[in-house]
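In UniProt numbering, the protein residues as written are 1 to 100.
Errors might be hidden in some of the hints.
The following label-pair restraints were derived from C-beta to C-beta distances [what the hints assert, rightly or not]:
#1 Ala68 x Glu45: 55 to 61 angstroms
#2 Glu66 x Arg87: 15 to 21 angstroms
#3 Glu19 x Ala44: 22 to 28 angstroms
#4 Ala23 x Ala44: 21 to 27 angstroms
#5 Glu42 x Leu21: 17 to 23 angstroms
#6 Arg15 x Glu40: 19 to 25 angstroms
#7 Lys25 x Met78: 49 to 55 angstroms
#8 Gln20 x Glu66: 55 to 61 angstroms
#9 Val64 x Glu97: 19 to 25 angstroms
#10 Ser16 x Ile63: 19 to 25 angstroms
#11 Val79 x Ala44: 16 to 22 angstroms
#12 Arg87 x Ile63: 24 to 30 angstroms
#13 Pro65 x Glu45: 50 to 56 angstroms
Hints were generated in silico from the structure; no laboratory data involved.
Beta carbons: idealized from backbone N, C-alpha and C, even for Gly.
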Amino acid sequence: MVNKNVASRETSQDRSRAEQLAAAKKLGTAASANLIDENEAELAEAFILPGGEAGQDEANVDIVPEQADEFTCASCFMVRHRSQLAREEQGQKYCTECEG
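Using the sequences provided together with the hints, build the complete structure.
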């Protein structure tokens, strides 16, 4: 008698979810990855981690050309001060970090 009462409380949504889970078990874990709740995905997009991007504001950055006492490393392409020059070979300059 108890089983009939429990069974009668099932909704169509419960049955649908049970069918999805049963199908996922048959297909394996790759298929079950597709069963992610859409609401969870929306919540994840709205969640901001500490130190993360807080808004859609534009970053205002002044770009300054390479100065006379700087060089661009041919390995890492970083602009470095001439005091960090490790070697120069065939017109290519390399920083101390790359030559480390």
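These are the hints, each one checked on the structure:
The hint said 55 to 61 angstroms for the Cβ distance between Ala68 and Glu45, and at roughly 46 angstroms that hint is violated. Checked against the given bound of 15 to 21 angstroms, the beta carbons of Glu66 and Arg87, roughly 19 angstroms apart, stay inside it. Separation of Glu19 from Ala44 is about 26 angstroms and conforms to the stated range, judged on CB atoms against 22 to 28 angstroms. Distance hint check for Ala23 and Ala44: the Cβ-Cβ separation is about 24 angstroms, which falls inside the suggested range of 21 to 27 angstroms.
In this structure the supplied range 17 to 23 angstroms holds for Glu42 paired with Leu21, their Cβ-Cβ distance being about 22 angstroms. The given range of 19 to 25 angstroms is respected by Arg15 and Glu40, whose C-beta atoms sit roughly 22 angstroms from each other. Distance hint check for Lys25 and Met78: the Cβ-Cβ separation is about 51 angstroms, which falls inside the suggested range of 49 to 55 angstroms. Between Gln20 and Glu66 the Cβ separation comes to about 58 angstroms, which falls inside the hinted range of 55 to 61 angstroms.
Checked against the hint of 19 to 25 angstroms, the C-beta distance between Val64 and Glu97 comes to roughly 21 angstroms, which is consistent with it. Restraint check, Ser16 to Ile63: a C-beta distance of roughly 56 angstroms breaks the suggested window 19 to 25 angstroms. Against the hinted window of 16 to 22 angstroms, the Cβ-Cβ separation of Val79 and Ala44 comes to about 37 angstroms, which falls outside the hint. Checking the proposed 24 to 30 angstroms range against Arg87 and Ile63 shows it holds: the Cβ atoms sit about 28 angstroms from each other.
At roughly 38 angstroms, the beta-carbon separation of Pro65 and Glu45 lies outside the given 50 to 56 angstroms, and the hint is violated.
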